[in-house]
Structures are given as structure tokens and as C-alpha cells.
Amino acid sequence: MMKGRKRKSGSLTAQMLDPATLEQIALWLEGAGVASIEIETEDGRLVRIVTGEDAALRDAGVDPVAAAPVEPHSVRPAKSQIAGHFLPVHPARDAAEAAIGASVFPEQIVGFVGIGPLIMPIRAEEAGTLRACTVGPGDLVGYGDTVFLIEPAQ
Amino acid sequence: MSVMQGNVLSTPAIVATATADEPKISMIGTGAYLIEAPGAFDLPTQRRIWALAHAVEDWPEVREVVPGVTNLLVILKQTPEEPEQLHLRLGHEWDCARSIDLSGKTVEIPVTYGGDNATDLAAICDYSGLSDREVVRLHWQGDYTVVALGSAPGFGYLHGLDPRIYMPRKTVPSLRMLKGTVTIGGMQTGVSVLTGPNGWNSIGFAEMQMFEPTKTPPALLAPGDRVRFRPERIEL
Amino acid sequence: MIEVLQTGPLNTVQDLGRFGFRNAGVTSSGAMDRLALMVGNLLVGNAEGEAALEIQTFPFRLRFERDMAVAVTGADCEARLDGRRLPPWWAMPVLSGQVLELDTPRRAARAYLCLAGGIEVEPVMGSRSTSLRGGFGGLEGRFLAANDRLPVAGAAGPAVPQGGFGVMPPETALAAHFPAPEDGTLLVRAVPAGEYALFGAEAERFWTQTWKISSHSDRTGYRLSGEPIRLASPVELRSHGVVPGVVQMPPSGEPIIQMSDANTAGGYPKMAGVIDVDLWRLGQARIGSRIRFVRSSIAEAREAERAVRAYLDDVRCTVPMLAQALAAMSRR
Amino acid sequence: MMSPVPSESAPRFEKVLIANRGEIALRVQRATREMGLRTVMICSEADRDAPYRQAGDEFVCIGPASPRQSYLNQAAVLLAARATGAGAIHPGYGFLSENAAFAEAVERAGLIFIGPPASAIRTMGDKIAAKRAMIEAGVPCVPGPDAALPEDLASIAAIAEGIGYPVIIKAAGGGGGRGMRVVHDPSALGDAVSVTREEARRAFGRPDLYIEKFLAHPRHIEFQVLCDEHDNAVWLGHRDCSMQRRHQKVVEEAPAPAIPADIVAAVGERCANACRKIGYRGAGTFEFLYEDGAFYFIEMNTRLQVEHPVTEMTSGIDIVREQLRVAQGLPLTISQADVRTYGHSFECRINAEDPFTFAASPGTITAAQFPGGPGVRVDTHVTTGYRVSPHYDSLIAKLIVHAPTREEAIRRMRVALADTAIDGIATNLPLHRELFAEPAFCAGQTDIHYLETWLGERKK
Numbered sequence: 001m002m003k004g005r006k007r008k009s010g011s012l013t014a015q016m017l018d019p020a021t022l023e024q025i026a027l028w029l030e031g032a033g034v035a036s037i038e039i040e041t042e043d044g045r046l047v048r049i050v051t052g053e054d055a056a057l058r059d060a061g062v063d064p065v066a067a068a069p070v071e072p073h074s075v076r077p078a079k080s081q082i083a084g085h086f087l088p089v090h091p092a093r094d095a096a097e098a099a100i101g102a103s104v105f106p107e108q109i110v111g112f113v114g115i116g117p118l119i120m121p122i123r124a125e126e127a128g129t130l131r132a133c134t135v136g137p138g139d140l141v142g143y144g145d146t147v148f149l150i151e152p153a154q
Numbered sequence: 001m002s003v004m005q006g007n008v009l010s011t012p013a014i015v016a017t018a019t020a021d022e023p024k025i026s027m028i029g030t031g032a033y034l035i036e037a038p039g040a041f042d043l044p045t046q047r048r049i050w051a052l053a054h055a056v057e058d059w060p061e062v063r064e065v066v067p068g069v070t071n072l073l074v075i076l077k078q079t080p081e082e083p084e085q086l087h088l089r090l091g092h093e094w095d096c097a098r099s100i101d102l103s104g105k106t107v108e109i110p111v112t113y114g115g116d117n118a119t120d121l122a123a124i125c126d127y128s129g130l131s132d133r134e135v136v137r138l139h140w141q142g143d144y145t146v147v148a149l150g151s152a153p154g155f156g157y158l159h160g161l162d163p164r165i166y167m168p169r170k171t172v173p174s175l176r177m178l179k180g181t182v183t184i185g186g187m188q189t190g191v192s193v194l195t196g197p198n199g200w201n202s203i204g205f206a207e208m209q210m211f212e213p214t215k216t217p218p219a220l221l222a223p224g225d226r227v228r229f230r231p232e233r234i235e236l
Numbered sequence: 001m002i003e004v005l006q007t008g009p010l011n012t013v014q015d016l017g018r019f020g021f022r023n024a025g026v027t028s029s030g031a032m033d034r035l036a037l038m039v040g041n042l043l044v045g046n047a048e049g050e051a052a053l054e055i056q057t058f059p060f061r062l063r064f065e066r067d068m069a070v071a072v073t074g075a076d077c078e079a080r081l082d083g084r085r086l087p088p089w090w091a092m093p094v095l096s097g098q099v100l101e102l103d104t105p106r107r108a109a110r111a112y113l114c115l116a117g118g119i120e121v122e123p124v125m126g127s128r129s130t131s132l133r134g135g136f137g138g139l140e141g142r143f144l145a146a147n148d149r150l151p152v153a154g155a156a157g158p159a160v161p162q163g164g165f166g167v168m169p170p171e172t173a174l175a176a177h178f179p180a181p182e183d184g185t186l187l188v189r190a191v192p193a194g195e196y197a198l199f200g201a202e203a204e205r206f207w208t209q210t211w212k213i214s215s216h217s218d219r220t221g222y223r224l225s226g227e228p229i230r231l232a233s234p235v236e237l238r239s240h241g242v243v244p245g246v247v248q249m250p251p252s253g254e255p256i257i258q259m260s261d262a263n264t265a266g267g268y269p270k271m272a273g274v275i276d277v278d279l280w281r282l283g284q285a286r287i288g289s290r291i292r293f294v295r296s297s298i299a300e301a302r303e304a305e306r307a308v309r310a311y312l313d314d315v316r317c318t319v320p321m322l323a324q325a326l327a328a329m330s331r332r
Numbered sequence: 001m002m003s004p005v006p007s008e009s010a011p012r013f014e015k016v017l018i019a020n021r022g023e024i025a026l027r028v029q030r031a032t033r034e035m036g037l038r039t040v041m042i043c044s045e046a047d048r049d050a051p052y053r054q055a056g057d058e059f060v061c062i063g064p065a066s067p068r069q070s071y072l073n074q075a076a077v078l079l080a081a082r083a084t085g086a087g088a089i090h091p092g093y094g095f096l097s098e099n100a101a102f103a104e105a106v107e108r109a110g111l112i113f114i115g116p117p118a119s120a121i122r123t124m125g126d127k128i129a130a131k132r133a134m135i136e137a138g139v140p141c142v143p144g145p146d147a148a149l150p151e152d153l154a155s156i157a158a159i160a161e162g163i164g165y166p167v168i169i170k171a172a173g174g175g176g177g178r179g180m181r182v183v184h185d186p187s188a189l190g191d192a193v194s195v196t197r198e199e200a201r202r203a204f205g206r207p208d209l210y211i212e213k214f215l216a217h218p219r220h221i222e223f224q225v226l227c228d229e230h231d232n233a234v235w236l237g238h239r240d241c242s243m244q245r246r247h248q249k250v251v252e253e254a255p256a257p258a259i260p261a262d263i264v265a266a267v268g269e270r271c272a273n274a275c276r277k278i279g280y281r282g283a284g285t286f287e288f289l290y291e292d293g294a295f296y297f298i299e300m301n302t303r304l305q306v307e308h309p310v311t312e313m314t315s316g317i318d319i320v321r322e323q324l325r326v327a328q329g330l331p332l333t334i335s336q337a338d339v340r341t342y343g344h345s346f347e348c349r350i351n352a353e354d355p356f357t358f359a360a361s362p363g364t365i366t367a368a369q370f371p372g373g374p375g376v377r378v379d380t381h382v383t384t385g386y387r388v389s390p391h392y393d394s395l396i397a398k399l400i401v402h403a404p405t406r407e408e409a410i411r412r413m414r415v416a417l418a419d420t421a422i423d424g425i426a427t428n429l430p431l432h433r434e435l436f437a438e439p440a441f442c443a444g445q446t447d448i449h450y451l452e453t454w455l456g457e458r459k460k
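Protein chains in written order, with my numbering: chain A, 1 to 154; chain B, 1 to 236; chain C, 1 to 332; chain D, 1 to 460.
The following block holds chain A by itself, in its conformation from the complex (with noise of 0.2 Å):
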């Protein structure tokens, strides 16, 4: 059953400059050890977020070493294309399609969107490495609304 999480969609914008996701922005970045990001909304602004320091990530079990160097480029969204609740997984399979950090190629499926009986794909634009998961597992998404953000490949 679909949790009844109260979930608002939002413009790009309007969801980064939430503190809450902010917050769990910073929290993937560092479990990704990614020490910044920049993430380009609709209207063409860029946002970029910034964790904090090494020392944050030493205490979080981070190698920073090992922390993929992320150049200030533009993360791109993955967006739902219709209404309905989130499924990072897909109900008849044990595993994400696609995990955090892994690599996507474009037109990947990398997760759905349940709509009653019915389940639709949120796919990649293009290829990247999937950087993070914007919603919970559950949550009510709206069209155009983003569920991932992804990293482009170079």
C-alpha cells in the first residue's frame, strides 16, 4: 500500500530553496561524497549547494580522497510525466533499475510512478550517473515534477 504522505509538487526551484531539501540535498551529497553541486532550474538559474567541509565527511566515514571529483557543471532533472505516487522500485522486483551513483544511459527507466492499477517509467534524458532521489518512496508526484537528479557525462 502506498504510504499517504502529504506531498506537494513544485517547480525545480521552488523545491531547492526548500530547507528540508536542502537539507537532504547536502545529506546525498555526502553520502555520495560529493562535496558540491550545481543544479540548473527551468528558468535558467543555477543553484549550487555546498556541504560541508572535509572534516564533515571524515566524521561521516567519507574517504575524502576517495569523494568523485564533481566539476560545477549543471545536473540535469528526471521528472515524472504524470500524477501519481513514487516507486523508487518496481513492486515485482527486489532492486532499484537503477542505483545512486550508477551510471545511466539516456531513455533508462529509473523508476515509476504508480497511478491506481497502473505504474509509468521516469527515465533519464540523458546519460549521467544518477547523483540522487528527490521524494520518498510513496510521495504524491506531479506532472513535470523531479524525482532524480542526474549528473551528465561529459
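Wrong hints could be hidden among the right ones.
[Unchecked claim] Short, incomplete list of chain C residues facing chain B, as computed with Cβ under 8 Å: (1) 24; (2) 25; (3) 26; (4) 241; (5) 252; (6) 253; (7) 265; (8) 275; (9) 305; (10) 317.
Hint data in this document are derived by calculation from the structure and do not stem from the laboratory. Ideal Cβ placement from N, Cα and C applies to all residues, glycine included.
Starting from the structure of chain A, add chains B, C and D where the hints point.
Chains B, C and D only, in chain A's frame:
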């Protein structure tokens, strides 16, 4: 598929069936009732089963009926809402069922008795104490009635076998009995319709097509039909 | 047309089965997992009973010879379209020349490939199901072989959305209406049948023990292995009609469950009948896997049937909605 | 037949999807929440950041900005309801509110359409069928046969005589002044018929002509009705919506000034009866032209209307709440005997448009200030910083006042208008301010041509 086939060719050695005068009505799963007539396997009982089949097949909840040997399987379109009610109605219908004599056609089947396909003839002779000629004669002189079709497409269970040539089915079935083999199983006889494992005893061979899927009806025989075997050749 | 490039044995064309000829000894045949077939058909806009391919031996590869919409349901075979991995229970448009590959599933036994319009082999006695035993129906009454080409009818329903879409698998969507497996043992609901009482106290073991599906199992029936349950003296019945789901007890004492290609007649004592609505789950049980019978009732069966019906209706109603919504969104 | 009244404890639905945007989405949502129901609000990409997004339980974007891809995308609306588990859909006004096919699709999907049955929407959407149904129910209609005129002039003259002069001859396929001729006396009939018929043949390819009573100076008067499933139908008084430009209402008031109470009551009763007769359900409006003490039915709006607040102010009845109750299968909270109207109410539609050229004025509102005080109601979805999208209707707020008398209500509206300020975009506030200073308007009883004439003269 072979493993599941042996059981269908039954000889009523020990028969667990209904009590003296009440039919036994039971469900198989959620969508079928089996009505088993009381008493012996005889034509009057079988005719009453046919009458029951005839009465029930047009009930709106019934998808198909399958007459067996003194029994009737009633397959429903869906799981009944009130299974007890349906049980009672079937019982009542049996009470009302009177013998009907299906005005069947007469089918004459040319048979080559003996020969390569009559691998069990010797065993029947041993069991009955009759000569092979006697066995063959008693078989083709018989006047048979199709009791039911089943076990394989178009296979008819024939009633009317001379008790002198009753022969229990084999404990070890033949692995590849040819389609068209004329066989005896217990108190019944028939012509096999598929090539494959078979526990009945072979005494001859018939060329006649018993089943053609594209024909209407696809099966040559129907319950109530009369069957005569005509000895075309006897190779002993 | 579709062309089979690679296949194992025993993969056949199946629909919901052939009815009305059991009294002539003709088995009903039809998909082992009828629910997967129905859902697959609904996804591509077909009536729920159109003919599809039942794939139970792998690997299986096939090429589409024209653009069409297809759905793969049932067991998760890690399907790949031109090498690109597809989620299970998935429908999508395919292009002429594209190749679909299905690999041995890790769970479940059978996958269904439904095509918009349905496989257009000639119906025999009202059905396109293959009767392997009878040698008719489906593709010349036989199982598929490499280089076979099968005709596909024109699609009648709305177009399947470009990017593909899926359906909540019945196991998830209907979880509340089916008993969950216990330690990997499939729980199959059944009601006692005609000769149940003959087994007396022994019958209890039928429910309590775990049975293994033996390797002598196929579309005709599943032979189960376990601690035998025998009668004091063997009983044979007069030959009578049987249906899929009947659990027979041969003298060996190990049950046989008749499946889609069930014999039309039998004479072994009948211990129980699997409720119809649980047969699709049994159809996905693999050889070597374990099952346990759970005593059920007609009322419980009806309840589950209602839930399945509601699920199918929901899918039928929502699929065109999704297609229309996406079509309206892509029109400028 | 009375259907059983469902108990309050087993509602037909617990979650309502509001298939609309802007002020009406917010209006419906408030009533829904008051009733303890949960809400799903949908939006297009253009309305993603709508200020009301925080108010409901769930808020979800269903498609791109273009209405056809979102608010008019029936399947997307139904899917959103399916995805969120909403049991009912409130269509508001506009968009899908009078779409019989949508109402049917909602019911087919097992959901409740908060509005009349599809059949009623369909009947009332067909002008001829609606007129026939109203004649049958005894609601007065514009005199004139529903059939094309015969060929011979004598028969036509007899029909015209029966209707009473002046009459209007209309070409089938004509409209907007083309292919129409007003005939004031019998002597002019022959020429008018032959000229119009020729025009019809040439311009529209069909020679068919229709004849109708011509109303020179009608007022637009409408009756609000409410019906439930238990054979109760009430009318909640009437409104005057004559202040129109190109059929767009600009100012509405309740009650309509200076119409004898007995005539009003007779027509109101017939409207309620008509509802019972056609099996109507929910809220609806009967629109009439009124001239020389007589009402002529023009159409029925099978939905909630923009101007419903003026009736709420004078009757004290929450129309949206009643709609929701009816959809739950509950009876109306009131019977006709309970309906009491009091005082006078005005509504000004504040649009994001140039007040006199009426050119749409999308953009960001840099400051928004709304009035308050006794008898003042503002229905709006905009706040400072709101971006008015070019994709949708330009209505950004409704200013509603209520006072014991029409004169007091006018004074109250003047103050309210003065206290309203919307910066950053052009609005029609200046038009409203001028109108409420206009003596003829303030005197009341202006006809449907008044505003356009006044605007024309103002230009000179």
C-alpha cells in the same frame, strides 16, 4: 504427459460410489459438481444420467456437462453464490430424471483383429480360458452402446462387452500404443484415439478416424450411439 | 507477423481455453496463469481472452515483423527489447525488426507475450489454445520452434503510450486477497472433494504437510511428492469427468493436481479441489518448489474472485485513460 | 420514489478532487474542508506555485500549462483522482463543468460527479431540447416555433401575429447580427422574410428561417436552484446580471431590482418544478430575459456559477456546501419555506485586463490589497507576487458586498473598490469604480445593452 494418464482407464474393481438409492453429489473445487448415480453400471442408469445431462445443460449457470460412467460432471460458469441451493436443485433434478434413450446412430467400425497390434490377445486368452478365435468372435459379435466420451478427444467408452472377455487393465501400460488400437479395459471396450501410453489390452486395429478437430461435431461417436465392429481381417 | 528466433520446447499459443468439448474428451487447455494472460491483453487494448504466447522454457527470442504494441506479463524474465532491459508486467510499442528476448525467470514459471490484436491462428472448436495432446489448436497443434512465424491481427484498442507503461502485478495489487507464502512455501487454497472422507484422520496430513512439486509435472498436472497418504485398500471410481484444480490421490499416495491440460476423465479418489481463483498462482509455481494446501470455502473463494474481477475492471478502465491523458498532453 | 438517506457515518466519498483552478478551486476547497472532507487540488505547470497549494491535503500537477493538456484533459483529471483515491470530482465552473461526456466518464470510473446527472447536462446543453423541456415544465420561453418557417407568407404572417410584434426573423446558421431582421409591424414582414431568406441562401447555404419574439431592451435575470436526490428542489431568489460586455458578465447583483415579488415567485416555483421534472440534481441556474414584466427562458447553466456569492450573501446559504451534501446523497438542509432572502448584494469581477480596451494583462502582481469590514467578501486566489498566466481566464478576484438596501450596498461597494489595489498588472478596477458612480447604473433596471452602449459613448 504420460504420467497423468493411467488413472482414467478405470476398471471398477472396488467401486466407492453412492449408497443404494441416493446419488452422491459432491463439488470439485469451486466450479463443478459431480453427481454419481447409485447402483450398478447398467444402461438404464446411464440413460437416467443422460436425461439429467439433458435437463441441466441449459441452466443459465452451467457452462458444460460431461457425462461419465453412471455419473455426470456439471461445470459452472462461475463459483456459485449459494452452493447448497445448487446442490439441492441437482438432487431434485436427479429425482425427476427419467430414462431417456438417446436415438443414436449406428457406427460400424472395420477392424483388423490380431496381427502386430494385438499384443495383449494372448493374455486375454490366458485370463479367459478362451481361444483367440473365440475372443475375437465374442468381441465382434457384441452390440455396443457409447456410454460416454472422455479421457482423450473422441474416445468412446463402449458398454456391451461379453462378460467372458472382461479383462482388467494392465499394471504396466504399453508405452506407445498406436492410435486406432482396439482395446478391452475391464468391462469396457474402445478404440484408442491417441498414440501413446495405454493401460488397456489390445486385440486389433481400426483405421477409422474417431476425431477430427475441424469437423462439426469433431467426435465421430456420441453417447447413445450404437457401435458394431466388423472383422475386416483376422490375423491369428 | 512475428518470427520465433529461439525457443525451448513446450512454448505454445494459448488463450483462456476451449470450452464445451470436455464431453468429447477434449481438454480445455488455455493459459496456466490466466490472470497474467488477461492483464497482458488488457494492457495492449485487447479483449482479455485473446491468444498470446505462453513461454515456459527459455531462452526465448522473437522478432517483430511490423510495428505493434506488445505486453509481457507473468514471470519476470528480464525481458530485453533490442538489448534494453524492460520492467516486468510491461507494455510498449515495438518497431518492425526489433528483437525481444526472455531469459529464465528467477521466480515464477511462465511469461505471457500478448500482442495488440492477438495472435491470429485459426480457432479450433472456438479456441486458439494449443492442445498438445490432441495435436490441434494454436500453431498446428504443436509447440513453437525456431523460424516459426505467427500472424498477429490488427489492433483494435487505443495506442499504447510511446514510452511504455506497466501494471501493478496481481501479487502486489491483490496481496490482501491471497495468502502470503510462508518460508517460500506457496499456500494454495482448496476445498475438500468427493472422497475426502475416505481418508479419515489421514486427511489432516494433506493440509499440514508441505508438498514438493515433482519433476513429473507439466501443463497437464502437477505430481506432488511428500509423505504418502494412502487408503487401507485402493479405491477406483467409475470413470467421471474432472476439471483443472482437482487433487487426486493415486494408489502411490502422492497427490496429483490436474492443471490446464487436465484429463477430461479420471477415476482416482478426489481429496480436494483447488479454488479456481488460486489456479493462476499454482500455474506460476515451479518444479521443485513447495506448496501447502489451505482449507478454504466457497465463500472465501467468491470474495477473492470479486477482488480479482475488480482489479481487472480497474485495469481495463484505467489503461485507456492513461493513453488518452498522455495523448492529450503531447498534443499542442 | 425516495431513495434511502445515507447516514453521515458512511459517506459516499471522503476525498474530493477539485478539477479547477483559481478562486473557484479555493472556494470549493474551503467548503470541502469545512465538511471534514479531504481535498486533492490539481494544477497545470503554469499554476505549480499557486498560493493555495498549501491549503488542501494534496496538490498535484497534472499537465502542461495549456488547458487542453491539463484542466481540460479529462483522462488526466480522472487519473489524478484514481491515483489519489479521490471519491468525487467537483468541476467548479468553466473547464469540464458542463461536459456531459466527462460527467459520464466520472461515473463510469466509479467516482461521483459533483453536479447534475449527465443526461440533464446533455438536455440543457441542447437549446431546442432545453426549450422543449422548459415549455413542458411550464417555464416561460421566448415565443416562437422551434421549427423552420413555412414558405407562404400568409402562414408566416399568422405565426407572427400569434407571437406579437416586434418579431425577429433569423436565418438558420446566422448569428451575431448577421442574417437577422427585426420586424415591427405586419407591413414590413414580407420584405424582411424575402430579403433574409435570400441572405440565408447566399451566406449560409440554407434557406431555413426562424421567427421569434423580439426583445428590444431585456434584462438578464437568473434563478439559482438547488435539488437533492430526495425530490427536494428549492430556488434561492434571483440575480440581475444585465451588466455584460460581449456576453461576459461584469457586475452581478441580488436580488434583481424592481421586479414584482409575485412574478418572481411564480417563475422561481416553476424553475424548482422543472428541476423535479427533469430529475435534476445539485446546483443550477435558469437564465431568463426579462422585459415588460415578462420572463423568457434562454438557457440553464448546469453548474455552479461565478456569481453564486451574491445569492449566498442574500440567502445565507452556502451553495457549494449544499452541492457537496447532495453529492453525498444527503437531503438539502433547507426547504422552500426556510428560504429567506435579506438585503442586497453586488459582485464585481476583477479581471486582469485593460479596463477599457479589455486587452488581457498577464504578469506579476507586485502588490495586492483587498478590502474588508462588515458585509465585504473577497473571493480570490491571488496575493502579492502572484503571476497572472496568459493561459487562462483573466478573473483574479471577486469583490462581493452585502448591505440591507441596494443604496447601502452601492456605497459599500464604492468603499470596497477604493480600498482595493492591485499593482503590476492592469485590472478593470477603474471600470468598476466609474460604473458605481454612474447614475443610471445606480438607479438600477439597466438592460443587457447598457454597458456596451455606455462604453461606446464613453469613448467619444
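To see whether the hints hold, each was checked on the structure:
1. 24: holds (4 Å)
2. 25: Holds - the Cβ of residue 25 (chain C) comes within 8 Å of chain B, reaching about 5 Å at its closest.
3. 26: holds (5 Å)
4. 241: holds (3 Å)
5. 252: violated (11 Å)
6. 253: Since the shortest Cβ distance to chain B is 13 Å, the answer is violated.
7. 265: Nearest chain B Cβ about 3 Å off; hint holds.
8. 275: holds (5 Å)
9. 305: holds (6 Å)
10. 317: violated (21 Å)
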